[in-house]
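Q: Numbering-wise, my numbering puts 7 at position 7 of the sequence shown, and it's gapless, one number per residue.
Please note that a few of the clues may not be correct.
[To be verified] The following label-pair restraints were derived from C-beta to C-beta distances:
| no. | residue 1 | residue 2 | range |
| --- | --- | --- | --- |
| 1 | A29 | R67 | 55 to 63 Å |
| 2 | R67 | S118 | 32 to 40 Å |
| 3 | A167 | L68 | 19 to 27 Å |
| 4 | A29 | L65 | 47 to 55 Å |
| 5 | G106 | E59 | 44 to 52 Å |
| 6 | D44 | L68 | 31 to 39 Å |
Keep in mind the hints are simulated off the structure, nothing from the lab. On a predicted model such as this, the values are computed, not experimentally measured, just so you know. Beta carbons: idealized from backbone N, C-alpha and C, even for Gly.
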Amino acid sequence: MTDQTRDPAASPALPEDPLLPDGGDAAPASDEAAALAALRARLDRRHRAELASLAAGMERERSELHRLLVDQGLQTALTRAGVAPALVAGAAALLRPLIEVAGDEGARALTARLADGSTRPLPDFVADWAAGEGAAYLAAPDSHGGGARAEPGAGRHRRRADLGGPAERARFIREHGRAAYLDLDP
1 MTDQTRDPAA SPALPEDPLL PDGGDAAPAS DEAAALAALR ARLDRRHRAE LASLAAGMER
61 ERSELHRLLV DQGLQTALTR AGVAPALVAG AAALLRPLIE VAGDEGARAL TARLADGSTR
121 PLPDFVADWA AGEGAAYLAA PDSHGGGARA EPGAGRHRRR ADLGGPAERA RFIREHGRAA
181 YLDLDP
C-alpha cells in the first residue's frame, strides 16, 4: 500500500501542535523534539552521576559501620576473656581479619571464620583463643607478676609517720594494741 492509497481514517490522528499553524511546517516540531531529547539525555547523565555518588556514599557508610561493629565486638569479647587492657588493641589487630558481620540489616551477629571454612560466634571464638594461643595476651592473675591487678580491699601498707600527732597515735594504740603500732613501718 502506498501513501496515496491509504485510508486517512484508518490511521490514528496525531494531536495537532498548537504552536504550528494549520498545515504548518514540521521542522519546528523536530527542533523541539531534538531539544527535548538533549534535555532528557543531560538529565539522565546527571541522575546517573548523583545515583553513583549516593551509592558510593552508602558503601562508605556501610564499610565504616562494619568496621565499628567488628572493633567494638572484638574489644568487648577480648576484655571479657581477660586480655590485659594494654594488649587489647594488639589482640584485636591480630583477630580482626577473621571476623565477619553476618545477618541482614535487622539482626547482625559477629562471627569468626575458622581455618576449615566454618564460622563460630565471636564470644566463643575469643574465649577459646584466649585459652589457647592467646594466653600470652591475658592479664596476670591477682597479686602475681608485674601486670597484676590490686586485690579489692587491699590498702597500702601504713606507716607510723602517717598517723599524725600524738592524739591519733594514742587512738591507734587503744584500737589495735601496742604490738600493732610497733609493727607499722617507721
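Q: Give a verdict on every hint.
A: So, going through the hints one by one against the coordinates:
| no. | hint | in the structure |
| --- | --- | --- |
| 1 | A29 / R67: 55 to 63 Å | holds, 57 Å |
| 2 | R67 / S118: 32 to 40 Å | violated, 24 Å |
| 3 | A167 / L68: 19 to 27 Å | violated, 59 Å |
| 4 | A29 / L65: 47 to 55 Å | holds, 53 Å |
| 5 | G106 / E59: 44 to 52 Å | violated, 20 Å |
| 6 | D44 / L68: 31 to 39 Å | holds, 36 Å |
In this structure, the earlier hints numbered 2, 3, 5 are contradicted, and the remaining ones agree with it.
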